[in-house]
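**Q** Required output: the full structure, derived from the provided sequences and hints.
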Amino acid sequence: MNSINIIIDGHPVAMPRPRFSKTGRTYYPKQVHTHKENIIAAIKKSIAAHGWQKLANRVPVSVTMQFVHPRIKRNKSEQREYKTTRPDVDNIAKMYLDCCTKAEIWHDDSQVVFLQLSDHYAGVYEQAHTTIIIKEIEQ
Numbered sequence: 006m007n008s009i010n011i012i013i014d015g016h017p018v019a020m021p022r023p024r025f026s027k028t029g030r031t032y033y034p035k036q037v038h039t040h041k042e043n044i045i046a047a048i049k050k051s052i053a054a055h056g057w058q059k060l061a062n063r064v065p066v067s068v069t070m071q072f073v074h075p076r077i078k079r080n081k082s083e084q085r086e087y088k089t090t091r092p093d094v095d096n097i098a099k100m101y102l103d104c105c106t107k108a109e110i111w112h113d114d115s116q117v118v119f120l121q122l123s124d125h126y127a128g129v130y131e132q133a134h135t136t137i138i139i140k141e142i143e144q
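If you're matching positions, the sequence shown starts at 6 in the numbering used here and goes up one per residue.
Hints are all accurate, no fakes.
With a Cα cut of at most 30 Å, we get these calculated DSBU-like pairs of lysine-lysine: (1) 140 <-> 107; (2) 99 <-> 59; (3) 99 <-> 49; (4) 140 <-> 49; (5) 99 <-> 50; (6) 59 <-> 35; (7) 140 <-> 99; (8) 50 <-> 140; (9) 107 <-> 50; (10) 59 <-> 41; (11) 107 <-> 49; (12) 88 <-> 78; (13) 49 <-> 35; (14) 88 <-> 50; (15) 107 <-> 59; (16) 140 <-> 88; (17) 35 <-> 50; (18) 59 <-> 140; (19) 88 <-> 49; (20) 35 <-> 99; (21) 88 <-> 107; (22) 88 <-> 99; (23) 88 <-> 35; (24) 41 <-> 78; (25) 99 <-> 41; (26) 41 <-> 27; (27) 35 <-> 107; (28) 41 <-> 140; (29) 99 <-> 78; (30) 49 <-> 59; (31) 107 <-> 41; (32) 27 <-> 99; (33) 88 <-> 41.
Hints were generated in silico from the structure; no laboratory data involved.
**A** Following this line, the structure appears as structure tokens:
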């Protein structure tokens, strides 16, 4: 069974809604492209280090994502605390699934048949990061 564990440093970034120009064209802000490029570079670096091979088309995949945001001052606990504020966890997941597709982990994110997400504020001795665990599902 093919699996990989990817850790991306930095705060998790959500995929925003597209903007519309005066002429009616859709676009994303420049920041989105910069964040995407950074995430894709981190994923490619990790898959190169693990010797990951792009999954064949129609191979089902299980993905677990854990988003850890910077610690907030009101958090009195030393442990992680669930994050229930915006951005929504599904919008963050969209960004990272798209980046995994662009980094050629799989042909299309429609291959993801199991998706588990969690959104947290960092614990005391933790920095903001994203963990992605991808496992090929044997049929």
